[in-house]
Amino acid sequence: MIQLAIEIPYWGQSLLRVLGGLVAVLLPAGAIVYLFLFKMMSFMQSRLGPMEAGPYGSLQLVAEVGKWMQKEDLAPDAADKSIFKIAPIVVLLSTFLLVVVIPFGPDALFTDFEVGIFYALAVASISVLGILIAGWASASKYSLLGGLRAAGQLIAYELPMVLAVIGVVIQAGTMNLQQIVVAQNTGEIFGWGGIGNPYIFTQFIGFLIFMIAVQAELTQAPFDMPIAESELVSGYMTEYSGFRFLIFFIAEFATAGVFALLASVLFLGGWGIPFDWFGWTTVDSVDNWMNIGGPLIMFTKMLVLTFIIMWVRFSFPRFREDQLQTFAWKVLIPLALANTAVTAIFKVVF
Amino acid sequence: MPDKPKVPGLFKGLGVTLGILKDTVVDGANTVQYPHEKEAPPIRARGVIALHEGNCTACMLCARSCPDWCIYIEGHKQLAPPRRAGGKPRQVNHLDRFDIDYALCMYCGICVEVCPFDALFWSPEYEYSEPKIADLLHDKEKLGEWMETVPEAPELEAGAQKK
Amino acid sequence: MTSLSDRQQLSYIASQAADARLNVELETEGMTLNIGPQHPATHGTLRIICRLDGEQVIWAEPSAGYMHRGYEKLTEVRTFPQVTTLVNRIDWLGSFANEVPFILASEKLMEIEAPERAQVIRTILFELSRIANVSLFLGDLGVQMGAITPVFLAFRDREYVLNLIEGATGGRFHPNFDRIGGLKDDLPKGWIEETRQVMVKLRGFCDIIEDLLFGNEIFQSRMRGIGIIPADVAKDYGLSGANLRASGVDYDLRRDQDIAMAWDKADWKVWTHPDGDAWARCWVRLQETRESCKIVEQLLDQIPAGPIMTKVPRIIKVPEGEAWVSTENPLGEMGYYVVSKGDLGPFRVKIRSASFNNISIVPWALQGVYVPDIITILASLYFILGDIDR
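Residue numbers (this note's numbering), protein chains in the order written: chain A, 1 to 350; chain B, 1 to 163; chain C, 1 to 390.
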């Protein structure tokens with residue numbers, strides 16, 4: 001742990017960790033909602049977006065939160081009440097569990113799992129349960145259709161995501177996310193160590209597959225059949241209102257942020273800048289100011305990746321369900337397997 | 001038939017949205033921040049109807065030709081002083097009540113068109129919404145106030161014949 | 001309720017029974033899904049009752065009438081100028097185009113013709129209405145498919161056309177500008193120059209939509225091969241407009257009919273497509289928008305000088321008789337059958353609106369398609385509720 005001047009008792013550290021987790025999830029969500037959903041989408045549509053709440057509409061999210069919280073908490077009569085109420089929380093839960101394992105700096109992390117990436121991928125699929133529950137418990141045909149579509153789609157796209165990550169793990173030689181960051185920042189590309197070895201260059205196909213799978217996991221266009229606003233009104237979220245809908249809304253963008261953080265750890269070099277530039281060699285020799293700089297660098301990288309996710313979301317129409325599935329099973333998975341094989345060969349040969 | 005694009009359509013589409021983003025950042029958006037800025041409607045815009053009471057003779061043509069029957073007119077005949085000294089007093093129509101109910105009005109303009117005495121005019125004024133629907137019944141005085149906002153008729157295009 | 005036919009009553013009871021079964025026990029075959037009347041995809045209050053097997057439609061039936069305003073009854077107690085006002089509101093996007101066939105039918109009964117200048121300006125405004133209508137269709141097509149950006153671009157560029165119409169007529173959506181014998185007013189100064197500039201912008205819009213939407217591989221895979229309507233089926237069901245031309249039938253009332261409008265003064269082409277699928281219908285409409293820009297630009301150069309209205313009496317009484325005029329409106333073929341008994345107003349007006357016949361093909365077209373394809377087919381058929389229900 002960091003050597004601080006004062007000794008913080010264990011309960012204080014846990015409290016800091018909890019607060020840090022909340023910030024790590026909600027700050028990206030808020031930033032993404034404002035920057036991309038309100039402003040970037042509007043600018044791409046030749047309009048300005050919210051401008052009234054706060055300077056240039058920066059407090060619009062606060063206004064939205066307030067609005068949703070004061071709405072009536074409806075539930076359909078025929079809905080299975082207890083499951084209906086749990087569903088949004090399950091979706092948000094997976095996001096918090098996921099952020100626990102992401103490193104933000106040489107010492108700024110919550111936990112240091114040896115099988116970090118394995119845990120992350122496992123926990124990312126808990127949100128599928130939440131969506132299925134929401135679709136079924138809503139007792140509405142539209143929600144049911146949305147939930148069933150979500151089940152098929154999200155499970156189908158888990159596989160390419162996992163396979164794309166295997167290439168990274170083979171190259172880094174470890175499943176520990178902190179070590180993956182170190183490996184990227186100390187590595188060299190075919191002998192040239194100028195910018196370290198961010199895996200986006202050597203694992204470009206893996207990066208593409210991962211980003212497409214993330215787009216599908218977040219049910220963003222072109223993979224938003226479960227929501228499919230023009231057909232199913234809101235898919236599995238149709239019957240939710242008030243605070244529960246707010247949780248779904250925040251969860252959608254928080255998950256986008258956290259997946260982007262994960263992608264930047266795996267492919268863009270995480271919190272680090274190439275160690276060569278500062279003369280560091282291992283993670284222990286990194287200066288302490290990187291504990292402040294690391295989160296900022298992660299935030300920037302997350303914004304870049306989320307920009308791409310949102311850009312694609314606002315530009316493309318959506319796939320039909322069977323086209324979605326064909327794409328996942330017949331295109332992405334063979335491609336990911338091929339990528340794994342090639343990476344393995346390269347790792348052994350070079 | 002559209003031929004196969006050289007650049008995949010997916011990327012062209014991304015390029016289009018990025019281009020619009022750049023245009024909005026550089027040139028500004030195509031929207032107008034109402035109510036801080038307002039666009040001026042064209043001269044002929046049908047915003048509200050104004051009444052020039054002096055010209056009105058309560059002939060009821062406008063009330064009869066309204067498709068919604070939203071004009072309420074009441075008048076009575078009275079004697080006016082003769083035009084020149086030594087003549088007979090003449091009978092004129094005096095307008096008591098002229099109401100237009102804008103909650104019913106379809107903004108079609110038939111009343112303005114059929115008035116034989118040029119007593120009704122269009123004005124492009126549009127900001128007169130009220131919290132109570134009964135306040136949308138504009139009476140004679142209010143219709144007279146709208147006369148100040150009536151613009152001059154625009155010049156016509158080349159080739160038009162003067163009426 | 002009493003005037004429902006037996007078949008309608010049976011279908012209503014059947015759909016209620018299907019709903020009841022679903023609520024009582026898990027039924028693995030056949031779920032009745034109600035699309036509408038409140039739904040983001042239908043352009044208004046259209047209800048389509050579908051029986052689904054999983055995600056496939058076994059049986060579908062549109063149930064229109066939620067927006068019935070009783071136009072034909074209303075016209076019985078209105079004078080001719082008042083009917084012109086009302087009729088604007090049938091197909092509210094193609095505003096001016098609704099008035100034209102009615103006025104032409106009345107002029108036919110009066111045996112007068114509008115002067116040249118009025119005919120040319122009428123045609124220009126007609127084509128502007130078509131551009132306004134179909135550009136919204138192109139934007140809305142994106143929303144139905146999931147692309148949320150094109151619709152904002154459509155509204156942005158459509159504003160220019162609406163400003164033009166407002167500058168000439170005074171109303172953006174309901175111009176109420178056509179009169180028996182000509183037009184109400186002449187064009188204001190500077191309108192022709194402004195229209196030329198707007199046509200350039202609209203061509204740019206068509207190019208953007210082609211790049212953003214039509215060129216997109218995802219969009220093409222959603223639209224190609226979906227909802228194929230062969231030419232003979234299209235003719236049997238009475239489709240008209242771009243739906244018919246996209247099935248390969250070369251039929252356009254602007255060219256094939258001799259009425260008092262100025263389409264023959266411009267050099268333009270009728271677009272058809274042999275496929276008859278959803279892609280063809282949307283593509284034909286895109287090309288027609290470009291063609292309309294071309295027509296407007298050519299006609300702007302050919303406005304002759306002269307009066308805007310022939311000599312008609314102040315109070316118009318149309319002589320006795322019956323007349324039918326139909327024109328190629330943005331949605332399809334729209335026609336009016338006007339019966340007059342020599343009064344101030346028509347005795348009876350029968351309105352043949354394009355969308356009513358266009359959605360008659362919905363039960364046939366939706367057999368065996370997936371739920372997302374329902375939206376694709378409905379979007380490509382393009383109807384306006386005011387046009388269906390009148």
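If you're looking for bench data, these hints aren't it; they were derived computationally from the structure. Backbone N, C-alpha and C fix where the C-beta goes; we use that ideal spot for every residue, glycine too. Be careful, since some hints might not be right.
Partial chain A-side listing against chain C, Cβ under 8 Å, derived [as the list claims (entries may be wrong)]: (1) Glu64; (2) Gly66; (3) Gln220; (4) Gln323.
Looking from chain C toward chain B, a few residues come up when the C-beta cut is under 8 Å (computed) [claimed, not checked]: (5) Ala14; (6) Pro37; (7) Glu76; (8) Arg78; (9) Gln82; (10) Thr85; (11) Arg117; (12) Asn176; (13) Pro188; (14) Gly204; (15) Cys206; (16) Ile208; (17) Leu300; (18) Gly306.
We went through each hint and held it up to the structure:
1. The beta carbon of Glu64 of chain A comes no nearer than 18 Å to any beta carbon in chain C, farther than 8 Å, and the hint placing it at the interface is violated.
2. For Gly66 of chain A, the interface hint is violated, the least distance from its beta-carbon to any beta-carbon of chain C being 25 Å, above 8 Å.
3. Interface hint status for Gln220 of chain A: violated, as the beta-carbon distance to the closest one in chain C is roughly 10 Å, over 8 Å.
4. For Gln323 of chain A, the interface hint holds, the least distance from its beta-carbon to any beta-carbon of chain C being 6 Å, beneath 8 Å.
5. Annotation: Ala14 of chain C was flagged as interfacial toward chain B, and the flag is violated, the nearest CB pair being 41 Å apart, outside 8 Å.
6. With a cut of 8 Å, the hint placing Pro37 of chain C at the interface with chain B is violated, because the nearest CB-to-CB distance is about 25 Å.
7. Against a cut-off of 8 Å between C-beta atoms, the interface hint on Glu76 of chain C is violated, since the closest Cβ of chain B lies about 13 Å away.
8. Interface hint at Arg78 of chain C: satisfied, since its Cβ lies 6 Å from the closest Cβ of chain B, which is below the 8 Å cut-off.
9. Here the hint on Gln82 of chain C is kept, as its CB sits about 4 Å from the closest CB of chain B, short of 8 Å.
10. Among the interface hints, the one on Thr85 of chain C holds; its C-beta lies about 4 Å from the nearest C-beta in chain B, closer than the 8 Å criterion.
11. Because the smallest distance between the Cβ of Arg117 of chain C and any Cβ of chain B comes to about 7 Å, under 8 Å, the interface hint for this residue holds.
12. Contact between Asn176 of chain C and chain B, as hinted, is supported at the beta carbon level, the nearest pair being about 5 Å apart and thus within 8 Å.
13. The beta carbon of Pro188 of chain C comes within 4 Å of a beta carbon in chain B, closer than 8 Å, and the hint placing it at the interface holds.
14. Because the beta carbon of Gly204 of chain C sits about 11 Å from the nearest beta carbon in chain B, more than 8 Å, this interface hint is broken.
15. The beta carbon of Cys206 of chain C comes no nearer than 12 Å to any beta carbon in chain B, farther than 8 Å, and the hint placing it at the interface is violated.
16. Annotation: interface hint on Ile208 of chain C holds; nearest CB of chain B at approximately 6 Å, less than 8 Å.
17. Interface hint at Leu300 of chain C: violated, since its Cβ lies 10 Å from the closest Cβ of chain B, which is beyond the 8 Å cut-off.
18. The criterion of a C-beta within 8 Å of any C-beta in chain B is met by Gly306 of chain C, whose closest approach is roughly 6 Å, and the hint holds.
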